[in-house]
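J.: This is what each chain is made of:
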Amino acid sequence: MEEPVDTATAILASAAVLLRERMFDDISYRALADEVGISERTIYRQYPTRAHLLAALSSWIEQTRFPLPPFVTVSDFRAAVHERFRAFDALPAYAYVGARASAISPTLDTEPAHITRAIEAMLDVAAPTLNRRDRRRIAASLLYFSSAMFWARLRTGFDLDAGDICDAFDRAVDTVLAKLPSASAKWAEP
Amino acid sequence: MTVPELSGTQEAILAAYAELIEEVGSDDVSYRVIARRAGIAERTVFRNYPTRVDLLLATAAWIEATLFAREESHSIFDIPLAIRDAMQRYDARPELAHVVAETAMRGVSGAAPSPGRAHLERLLDAEVPSLDAAQRRAVIAALSHLDSVGTWVTFRREFGMDRRDIADAAAWAAEAVLDDIRDRVSPRPIT
Numbered sequence: 001m002e003e004p005v006d007t008a009t010a011i012l013a014s015a016a017v018l019l020r021e022r023m024f025d026d027i028s029y030r031a032l033a034d035e036v037g038i039s040e041r042t043i044y045r046q047y048p049t050r051a052h053l054l055a056a057l058s059s060w061i062e063q064t065r066f067p068l069p070p071f072v073t074v075s076d077f078r079a080a081v082h083e084r085f086r087a088f089d090a091l092p093a094y095a096y097v098g099a100r101a102s103a104i105s106p107t108l109d110t111e112p113a114h115i116t117r118a119i120e121a122m123l124d125v126a127a128p129t130l131n132r133r134d135r136r137r138i139a140a141s142l143l144y145f146s147s148a149m150f151w152a153r154l155r156t157g158f159d160l161d162a163g164d165i166c167d168a169f170d171r172a173v174d175t176v177l178a179k180l181p182s183a184s185a186k187w188a189e190p
Numbered sequence: 001m002t003v004p005e006l007s008g009t010q011e012a013i014l015a016a017y018a019e020l021i022e023e024v025g026s027d028d029v030s031y032r033v034i035a036r037r038a039g040i041a042e043r044t045v046f047r048n049y050p051t052r053v054d055l056l057l058a059t060a061a062w063i064e065a066t067l068f069a070r071e072e073s074h075s076i077f078d079i080p081l082a083i084r085d086a087m088q089r090y091d092a093r094p095e096l097a098h099v100v101a102e103t104a105m106r107g108v109s110g111a112a113p114s115p116g117r118a119h120l121e122r123l124l125d126a127e128v129p130s131l132d133a134a135q136r137r138a139v140i141a142a143l144s145h146l147d148s149v150g151t152w153v154t155f156r157r158e159f160g161m162d163r164r165d166i167a168d169a170a171a172w173a174a175e176a177v178l179d180d181i182r183d184r185v186s187p188r189p190i191t
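First to last, the protein sequences are chains R and Z. With UniProt numbering, the residue at position 122 of the first sequence is 122, and numbering never jumps. With UniProt numbering, the residue at position 114 of the second sequence is 114, and numbering never jumps.
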């Protein structure tokens with residue numbers, strides 16, 4: 001594990017340790033304070049509500065445990081998402097935190113996720129003349145099918161493992177990209 | 001969508017809590033305040049919902065079944081229309097939409113992330129019975145995912161879309177999922 005550099009990060013690192021044995025809801029500020037060796041008040045100063053803690057924890061986990069492999073082409077994008085789904089399967093407790101954090105009402109001025117920007121950049125290169133509405137509909141669909149929410153829904157609601165989830169993801173991506181006009185269709189092939 | 005039987009007291013608790021969530025702008029409302037709003041004793045709330053997670057799961061299910069209830073679709077090819085309507089309903093009640101979205105993603109038993117799954121399966125099997133298992137699963141999974149409040153949250157948050165754009169994009173994606181099977185409906189029996 002990386003050396004925690006500051007209090008805020010140390011709190012997140014300890015919360016991640018506690019997540020291995022209990023759900024996020026069962027991690028009290030009291031227990032977290034004991035784990036870090038600081039006062040409860042210090043935690044409240046960093047994370048005034050549990051929603052703040054959840055959002056920060058999720059983005060820290062994302063950076064340290066689920067880094068997004070870079071992608072430019074659609075096939076690289078598919079491979080990157082497959083890798084993430086497999087990483088989620090290996091650390092489900094962490095992936096659920098990500099799924100949940102992406103569902104809450106944003107606590108701060110949230111920037112779009114890194115993967116959102118990467119998908120938009122991919123489309124800019126692949127289909128530079130595509131109109132804005134279609135581009136955004138495609139980007140939004142691709143993002144939503146590559147999300148921790150998709151993984152969580154298929155795991156909990158459908159009892160699927162990463163292999164099956166990757167298959168469902170690929171099929172969903174195929175249907176979305178099939179909407180592209182034929183001039184752009186070449187790059188959409190797997 | 002299955003709605004668990006609720007007692008009058010339970011319904012009063014869930015309605016009071018939903019009302020307070022909208023007023024306060026957060027699900028962080030104490031049992032004492034919920035009890036006062038529902039006009040009952042605090043211990044009655046605890047007796048019905050011993051933990052906050054119990055209360056949230058029940059509230060989210062109740063909101064889905066009442067305020068966010070869908071008009072029943074009689075064909076899988078009507079689902080994009082139901083999704084369009086659902087997105088507009090979420091947009092009108094953003095605080096409740098976030099609570100339902102978060103609750104579905106808790107990863108605990110009872111969180112029911114795909115409450116409409118059985119209904120989608122019934123429609124698909126009746127109309128397009130020829131799909132193989134993997135195709136069938138992929139269509140149901142994609143439509144369940146799109147027909148959920150997570151879509152509204154994600155499109156709004158990541159792309160800054162407004163109500164009209166979210167409803168459009170979600171319905172568009174559902175149409176895309178159906179494109180493959182549009183022309184594979186089993187012929188109607190001649191009567």
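FYI, nobody ran anything at the bench for these hints, they're computed from the structure. Glycine is no exception: its CB is placed at the ideal position from the N, C-alpha and C atoms. Watch out, some of these pointers could steer you wrong.
Residues on chain R that point at chain Z, a partial pick, calculated with CB under 10 Å [said to hold, decoys possible]:
id, residue
1, R41
2, R45
3, Q46
4, T49
5, L54
6, P112
7, A113
8, I115
9, A127
10, L130
11, N131
12, D134
13, R153
14, F158
15, F169
16, P181
J.: Now tell me, hint by hint, if it's right for this structure.
T.: Each hint, compared with the structure:
With a cut of 10 Å, the hint placing R41(R) at the interface with chain Z is violated, because the nearest CB-to-CB distance is about 18 Å. Taking 10 Å as the C-beta contact cut-off toward chain Z, the hint placing R45(R) at the interface is violated, the least distance being around 18 Å. The interface hint given for Q46(R) is broken, as the beta carbon of that residue sits about 18 Å from the closest beta carbon of chain Z, more than 10 Å. Interface restraint check: T49(R) against chain Z, minimum CB-CB distance 7 Å, threshold 10 Å, status holds.
The closest approach between the C-beta of L54(R) and any C-beta of chain Z is roughly 9 Å, which is under the 10 Å cut-off, so the hint is satisfied. Satisfaction of the interface hint for P112(R) is found here, the shortest Cβ-Cβ separation to chain Z being roughly 5 Å, below the 10 Å cut-off. Hint status for A113(R): holds, given a least beta-carbon distance of 6 Å to chain Z, under 10 Å. About 9 Å separates the beta-carbon of I115(R) from the nearest beta-carbon of chain Z, less than 10 Å, and the hint is met.
Below 10 Å, beta-carbon pairs count as interface contacts, and A127(R) has none with chain Z, the closest being about 15 Å; its hint is therefore violated. Violation of the interface hint for L130(R) is found here, the shortest Cβ-Cβ separation to chain Z being roughly 14 Å, above the 10 Å cut-off. The restraint placing N131(R) at the interface with chain Z is violated, with a minimum CB-CB distance near 13 Å, outside the 10 Å limit. With its C-beta approaching chain Z no nearer than about 9 Å, D134(R) sits inside the 10 Å limit, and its interface hint holds.
Residue-level restraint check for R153(R) holds (minimum Cβ-Cβ distance to chain Z is 4 Å; threshold 10 Å). Interface hint status for F158(R): upheld, as the beta-carbon distance to the closest one in chain Z is roughly 6 Å, under 10 Å. Among the interface hints, the one on F169(R) holds; its C-beta lies about 9 Å from the nearest C-beta in chain Z, closer than the 10 Å criterion. A cut of 10 Å between beta carbons decides the hint on P181(R): the least distance to chain Z is about 14 Å, and the hint is violated.
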